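Asker: Listed here are the chains, written in short residue letters.
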Amino acid sequence: MNHIALKMLMGDKGKYIGIIMGLTFASLIMTQQPAIFVGLMSRSYSFISDVGLPDIWVMDAKVQFVDDIKPLQDTELYRVRGISGVEWATPMYKGLLKVRLTDGTFQTCIVVGLDDSTLIGGPPVMIEGKLDNLRNSDSVVVDIDGARDKLGKPSPTPGAAPIPLKIGDTLEINDRRAIVAGIAKVTRTFQSQPVIYTTYSRAKSYAPKERKLLSFVLVKAKKGQDIAELTRRITKTTGLAAYSQAEFQELTYEYFMHNTGIPINFGISVLLGFIVGAAIAGQTFYNFTLENLRQFGVLKAMGASNLILLRMILLQAVLVGSIGYGLGVGLTALFGFAMRNTILAFKFPWQLLLFSGTGVSLICIFAAFISILKVIRLEPAIVFKG
Amino acid sequence: MELAVSCKNVSKVYDTGGQKVTALNCIDLDIVIGELMMLVGPSGCGKTTLISVVAGILDQDNGSCELFGENLQDMSSKDKLNFRARNIGFVFQSFNLLPSLNAAENVSIPLILNGMKRFEAERKAVTVLEQVGLGDRWKFLPSQLSGGQQQRVAIARALVHNPRLIVCDEPTSALDHVTGQNVMTMLKDVAMHKERTLVIVTHDARIFDFADRIAEMDDGHIVTVGGIKAKKLSLNSAS
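If you read the sequences in order, they're chains A and B.
Take the first sequence: its letters are residues 1 to 386, numbered as in our numbering.
Take the second sequence: its letters are residues 1001 to 1239, numbered as in our numbering.
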């Protein structure tokens, strides 16, 4: 009876397409919105991910997330270097500074100061120039998105896109000259501010004068050294917080999850998508069954058992569910592909496929369930009613 | 003579929003194997309820109704379904063909329900469609067929699994006179033989000639059961 179930389903093209569109929409919104959410949340710790080399990040014990800078004294660096199990430890400055652009306007940027001698913690990919160029006087490396957009020079044509910064252009950071010596590719940050890399000592000269300016100490463990053990040892010895890269990412992620409205806002979007998708698909599927009730009655009168009819309805639900799910996921993937080089945050891990798959399955089960109830309760004598 | 249908003291009451409506009131009816019995009477007299009980798709409240010596009410749901699938064919007033299936697929349904493989069932369906004069239209959807042709497909569907009883609900009421006569002629020629029984519910006096006997119903009772001559006499005296 499977082919009959499928022909019944596809016979009414309008209804068939309507059910599939409802499920596609539900599947789309259940993957697209969470993918944006995951993308946005992963940006919250993208700076940590980009600094790949160190095993451990050392910081003030009160730091809650990566942008919550509570500066340390420079002497903390030497204390960390003295702890057994530490292969090397380098300083890092990270702060928000105002950059004066050529047209006189100001743009807040993330300025990162790297260890002068090793330049550890630099951008993951250099597009133009070399990281070593930072050793030249007043030089900085600017991220490509910032260079093209927020730090770009105003176009002479009103309303046109800014002219991207290039190597040799100058900026002004806190009244000090900065020469662009390289363009780098970095993962966009949560606030999507431009990122400017320079040396630690130069960053200190850009930053407003404060007694303490060291943001993080980046630590590499000796070969064979247990990372968890070393973080405990650093904390115990210095009183500072020490996290592995994964722990620091987790700390930042949890902060954004619990202290911002992002999860609840996206949660509402996904929930609404689920409800609207369920309502459209469920209602259309149920209507489809209602309109075919006489046909099911005919089959029942001719000797089709409830089990046969149940299998037919389930098959119909599985088919429309699979097609709707596939189309929804496909559209989400296309959306992600189209947005890959834009400011939009988008990340599509395999867990989202499971999440939306479960959502679409629930909608189909619900729609099939109410339809099955109707068919099971159906009196076959309905067929004799005119 | 062996009985196809034997109803004794059959009653059925519907509860419509707290109001009790007696559809069948102590009905006694015997139909012999090989007979074409027509049930006639005004709307709401209980004809459709009676064939629903006879066909085993509606349970009576009281009395017994045996089909070929078996009481369907004593059977389990599964046995009742199997019995129906094997022994009963249906022809409906509004044809009730599945609109998205072609003629052969529609006709093959009873065979598939009886366990036959799809392609074999469709092959056999085409041979039965040839018997009803639609051999060249087996691929047509119901919407591509005329009313008479659709009813012939429905008759082929009722016959294809060689049932012992065929119940027809107003088989000609949706058709014009000529087509109705043709359908009845074809039904009698193709469907009737000494092992098969037909029960037809109808309003259409023009097809009474096809009946062996006619049971006239009114208000949930069977008023008279007699041959076609008796029925014609009663119609003439009424007019």
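Do not take every clue at face value.
Below, simulated DSBU-like cross-link-like pairs (lysine-lysine); rule was C-alpha separation at most 30 Å, straight line [claimed, not checked]:
1) 1008/B - 13/A
2) 7/A - 1020/B
3) 1080/B - 1117/B
4) 153/A - 62/A
5) 222/A - 204/A
6) 222/A - 13/A
7) 1008/B - 7/A
8) 98/A - 62/A
9) 374/A - 1194/B
10) 153/A - 185/A
11) 1124/B - 1008/B
12) 374/A - 1188/B
13) 15/A - 1188/B
14) 7/A - 1117/B
15) 62/A - 166/A
16) 1008/B - 1020/B
17) 1124/B - 7/A
18) 166/A - 150/A
19) 1188/B - 13/A
20) 1078/B - 7/A
21) 222/A - 236/A
22) 347/A - 374/A
23) 374/A - 1078/B
24) 185/A - 1124/B
25) 153/A - 98/A
26) 222/A - 209/A
27) 150/A - 223/A
28) 1188/B - 1139/B
29) 98/A - 185/A
Counterexamples of contact, computed for chain A against chain B with all Cβ distances above 12 Å [said to hold, decoys possible]:
30) 8
31) 12
32) 42
33) 102
34) 153
35) 292
36) 295
37) 298
38) 305
I should point out that these hints are in silico values taken from the structure, not numbers from a laboratory.
As the structure is a computational prediction, the values presented were derived from the model and not from experiment.
Where a beta carbon is used, it is the ideal one built from N, C-alpha and C, also for glycine.
Asker: Now tell me if each hint is right for this structure.
Answerer: Hint check:
1. 1008/B - 13/A: Roughly 49 Å separates the two Cα atoms, so the pair is violated.
2. 7/A - 1020/B: violated (41 Å)
3. 1080/B - 1117/B: holds (22 Å)
4. 153/A - 62/A: violated (39 Å)
5. 222/A - 204/A: holds (29 Å)
6. 222/A - 13/A: violated (67 Å)
7. 1008/B - 7/A: Roughly 42 Å between the alpha carbons, so the hint for residue 1008/B and residue 7/A is violated.
8. 98/A - 62/A: At roughly 25 Å apart (the allowed maximum being 30 Å), residue 62/A and residue 98/A satisfy the hint.
9. 374/A - 1194/B: This hinted pair is violated, its Cα atoms lying about 40 Å apart.
10. 153/A - 185/A: holds (19 Å)
11. 1124/B - 1008/B: violated (38 Å)
12. 374/A - 1188/B: Not satisfied, since the Cα-Cα distance of roughly 37 Å exceeds 30 Å.
13. 15/A - 1188/B: violated (40 Å)
14. 7/A - 1117/B: holds (17 Å)
15. 62/A - 166/A: It is violated: about 39 Å lies between the C-alpha atoms, which goes past 30 Å.
16. 1008/B - 1020/B: Holds. Residue 1008/B to residue 1020/B sits at ~22 Å (cutoff 30 Å).
17. 1124/B - 7/A: Holds, because 20 Å separates the two Cα atoms, which is no more than 30 Å.
18. 166/A - 150/A: Between residue 166/A and residue 150/A the Cα gap is close to 13 Å, so the pair holds against 30 Å.
19. 1188/B - 13/A: Roughly 38 Å separates the two Cα atoms, so the pair is violated.
20. 1078/B - 7/A: Between residue 1078/B and residue 7/A the Cα gap is close to 26 Å, so the pair holds against 30 Å.
21. 222/A - 236/A: holds (18 Å)
22. 347/A - 374/A: Violated - the C-alpha atoms of residue 374/A and residue 347/A are around 41 Å apart, more than 30 Å.
23. 374/A - 1078/B: holds (19 Å)
24. 185/A - 1124/B: violated (71 Å)
25. 153/A - 98/A: Cα-Cα ~16 Å, so holds.
26. 222/A - 209/A: violated (35 Å)
27. 150/A - 223/A: violated (42 Å)
28. 1188/B - 1139/B: holds (25 Å)
29. 98/A - 185/A: holds (21 Å)
30. 8: violated (6 Å)
31. 12: At roughly 7 Å from the nearest Cβ of chain B, residue 12/A sits no farther out than 12 Å, so the non-interface label is violated.
32. 42: holds (48 Å)
33. 102: Residue 102/A clear of chain B: closest Cβ-Cβ about 69 Å, beyond 12 Å.
34. 153: Per Cβ check, residue 153/A is outside 12 Å of chain B; nearest 65 Å; holds.
35. 292: violated (9 Å)
36. 295: Contrary to the label, residue 295/A does not stay out of reach of chain B, its closest Cβ about 5 Å off (not over 12 Å).
37. 298: Violated, because the least Cβ-Cβ distance between residue 298/A and chain B comes to about 5 Å, which does not exceed 12 Å.
38. 305: violated (5 Å)
Hints 1, 2, 4, 6, 7, 9, 11, 12, 13, 15, 19, 22, 24, 26, 27, 30, 31, 35, 36, 37 and 38 from the earlier list are contradicted by this structure; the remaining hints agree with it.
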